[in-house]
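The lines below spell out each chain.
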Amino acid sequence: MSTSAVAPAPPAPSTPPVATPQRAARSRESLLAAAMTAPAVILLIVFFVVPVLLMFGLAFTNARLISPRPPSVVGFDNFLTLFTDSYFWASLRNTAYFAVVVVPVQAGLALVLALLVNAKVRGRNFFRTVYFIPVVTSMVVVSLLWRFIYEPDGLLNQVIRAVSFGYWEGTDWLSNPATAMPAIMLMSIWQAVGFHMVIWLAGLQTIPGELYEAAALDGASRWGMFRHVTWPGLVATRTFILITITISACSLFTQISVMTQGGPLDSTATVVYMAVRTGYEQQSTGYAAAVSLVFFVIVLGISLVQRLLTRERG
Amino acid sequence: MAIHHRGSRTRRLATITALLTAAAFALTACASGSGGSGAVTENGVTTLTLWTHNGGNDDELAVNQRVVDDFNAGQAGYRVEIQSFPQDAYNDSVTGAATARKLPCILDMDAPNVPNWAWAGYIAPLELPEQLFANQLPSTLGVVDGELYAFGHYDVALNVVTRRSVLEKYGIRVPTLTEPWTKDEFDAALAAIKAGGEYEHPLDLGTSGTGEWAPYAYSPILQSFGGDLIDRNTYTGAQGVLNGPAAIAWAEWMHGLVENGYIARQSGEDSTLDFINGKSAIMWSGSWAADQVTERYGDDVLFLPPVDFGHGPKIGGGSWQWGMSADCSAKDGARAFLEFSAQTKYHVLYATELGLIPATEEAAAQVENFAPDGKYRIFYDLADQFAVQRPVTPAYPFISSVFQKASADIVDGGDPKAILDKAVADIDNNVKQNGNYEF
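Residue numbers (my numbering), protein chains in the order written: chain E, 1 to 314; chain L, 315 to 753.
Note that these hints are calculated values from the structure, not bench results. Among the hints, a few may not be true.
[Unchecked claim] Calculated from the model, a selection of chain E residues having no Cβ within reach of chain L, i.e. all distances over 12 angstroms: (1) F56; (2) V74; (3) A202; (4) Q205; (5) A220; (6) V229; (7) A236; (8) G263; (9) Y280; (10) L304.
[What the hints assert, rightly or not] No more than 25 angstroms apart at the CA atoms, straight line, and that leaves these computed lysine to any residue pairs for SDA-like: (11) L/K416 / E/Y280; (12) L/K746 / E/D85; (13) L/K736 / E/V50; (14) L/K416 / E/V50; (15) L/K731 / E/R93; (16) L/K508 / E/V121; (17) L/K593 / E/R93; (18) L/K736 / E/I243; (19) L/K736 / E/R93; (20) L/K593 / E/D153; (21) L/K736 / E/G170; (22) L/K731 / E/P68; (23) L/K736 / E/E151; (24) L/K736 / E/F148; (25) L/K645 / E/L265; (26) L/K416 / E/P68; (27) L/K593 / E/S67; (28) L/K731 / E/F253; (29) L/K736 / E/F253; (30) L/K731 / E/W89; (31) L/K497 / L/H625; (32) L/K736 / E/L65; (33) L/K593 / E/Y280; (34) L/K593 / E/G170; (35) L/K593 / E/I189; (36) L/K416 / E/L65; (37) L/K736 / E/T171; (38) L/K736 / E/V272; (39) L/K593 / E/F253; (40) L/K731 / E/E151.
All C-beta atoms, glycine included, are put in the ideal place defined by N, C-alpha and C.
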């Protein structure tokens, strides 16, 4: 990576002298850029691109994690088994359920919080910190804590009992197929909303204050100001948040693995959890690769559709 | 001249970055290149690595260390070094090391994994003299395809734990080894205790346990009903065995326990603690809990044989066993260590220090609790008479995963036939895909 190897040759007399130092500086700059990004790019290639390419290949084989036999190509067998596997469809359904609820709720709640902490009130830094703390807590720790909170005689039911004076008992949240997924949604939103609040906040702070002053002079109400000044000003942030929440909602795994292991009765199984279970616990690498491949295509499709719907027109 | 300065500073920066990157990669390459195949020879002394799952389990790790220290002190050619891992991460660590061909020379393994690891070529047959293991409890030997791959120093036994005062209060007979409870007797006992109102859930089956607990604890009940995890004649499928009438009877009985309120759908985190605190009257637990409950309830504690649901009482069998990796470059050293550790005095050591069932009758005679009239002798008898090993097949990890899910779904109230049919389909499919796991 020595720069001397690519130092430009001495300029020919006819070339204007001012262009050469500029070209040399630019090539040095691009070299520097390459050197700076090299570690990250190499790591990305080795730990991300290569496994993804492997996945494309392994999905068509019967590779196993532990086996004395080498893997052999089985064509579309894995996919045929996959599409007749009721566990896969349940996982897909649950993942879709989770995404459809969490994306608008979390984005909306984050926006509300961002608007609140953007106001010039005393102690807003305290609130910003408090809302952000769950984000920096490990998801495993959060899942364990909430598992205890959701127990039949855990904190949540005790609060419900106290608030309703014993009228409502609450239920065994994680063992009831109808309430297990909503319980996990609640916990996930609580944990991640701070992160998106910060992103909305950044977007809010790019809107020039003069626009609000102008709107106030024109006699706009609070809601009018939001609709005509704030919301249009947040277009770029909105697109970013939509795509990132969708992708992280689709990759739901940690909470399931710690709290419910896909139960009760497959009501919290998700596609990533299924892939990890088949690939690692059941040692069927080829089948897990097929699951991952199908999921990759689905998430790619969703992202492209979202991008299409939110692209800038004109 | 400003441009010239910027250029040389840029060049220096780029060079330094490039050098740092190269250095970082060189370091990582060096770090991963150590270890070899679990044995290193220097100055005539071969150092072998030994892996154990006892990280965090100070008592058992101390016993491991005693055996290793005695071996190291007793001869000069070999030196064994222990590396311990937390139990939860142990199997994954071994799988990872095996895939990278960096297994240690000596390692311990959970009994049901031995056939799978033998089939995958991780471990090699021990090729030690047969009479060394002639009198061991069969569940402490890892025999696969006719060859001995691993042996253990101890076993544990599931049993029914309750208190004499509770049984007397509700007029329930105390069962013995030769006359265990029948299914009807057990159901009546649970109904009586539940009706008494003292216990919200009279029985604790440990339904909140995850991982290997489910097959270990519930497949013996399934076997007592007459079903099984896989057809042990051919080991090629589970049709009729895991979804036959006996298995469905088992599933309906398990779900019946939840419906009648005899067990909680999700038991507490620690069944032993719940029993000691009086939250349950009867506990399906193992000999590992014996010391704790005896400390609390003294002579009132009863360790009873399992219920006979029709095909005899059954308990699980097989605990941690020692073996040797196939890649080991110092197999003689590994064999020397394993033979050394198989002496009776070390069986006695494990049993006395840890309260576990010694694997040989000879050792049992020397341990006060497990001698013929010792207070824990029942565990030895249970292990000897009623232990059924989990299926000795390389398909076991898959079977275990499928059964964990099936039993959780059954307790949660799913349709037993559909659940068991799906489990059988998955198992059969998996066995077929792996060419019947032939050696």
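Check whether the Cα positions of L/K416 and E/L65 lie no farther apart than 25 angstroms. Roughly 16 angstroms between the alpha carbons, so the hint for L/K416 and E/L65 holds.
Given the proposed pairing of L/K645 with E/L265, does the C-alpha separation stay at or below 25 angstroms? violated, 48 angstroms
Please verify that the nearest CB of chain L lies beyond 12 angstroms from E/V74's CB. With a cut-off of 12 angstroms, E/V74 comes too close to chain L, as the shortest Cβ separation is near 9 angstroms.
Distance restraint between L/K497 and L/H625, which requires alpha-carbon spacing of 25 angstroms or less: Holds: L/K497 and L/H625 sit about 11 angstroms apart, inside 25 angstroms.
Can you confirm whether the C-alpha distance between L/K736 and E/E151 stays at or below 25 angstroms? Given pair L/K736, E/E151 is violated - Cα atoms ~30 angstroms apart, limit 25 angstroms.
Far enough from chain L: is every CB of that chain over 12 angstroms from the CB of E/V229? At roughly 44 angstroms from the nearest Cβ of chain L, E/V229 sits farther out than 12 angstroms, so the non-interface label holds.
Please confirm whether E/Y280 is truly not at the interface, meaning its C-beta sits more than 12 angstroms away from all C-beta atoms of chain L. Violated, since 8 angstroms does not exceed 12 angstroms.
Agreement of L/K416 and E/V50 with the hint, judged by alpha carbon distance not exceeding 25 angstroms: Cα-Cα ~22 angstroms, so holds.
Hinted pair L/K736 and E/F148, Cα distance within 25 angstroms: violated, 32 angstroms
Least C-beta distance between E/A202 and chain L, which was stated to exceed 12 angstroms: holds, 30 angstroms
Can the restraint linking L/K416 and E/P68 be considered satisfied, given a maximum Cα separation of 25 angstroms? holds, 16 angstroms
Would the pair L/K736 and E/V272 pass a check requiring their Cα atoms to be no farther apart than 25 angstroms? Roughly 21 angstroms between the alpha carbons, so the hint for L/K736 and E/V272 holds.
Hint check: violations occur at hints 2, 8, 9, 13, 16, 17, 18, 21, 22, 23, 24, 25, 27, 28, 33, 35, 37, 39 and 40; the rest are consistent with the structure.
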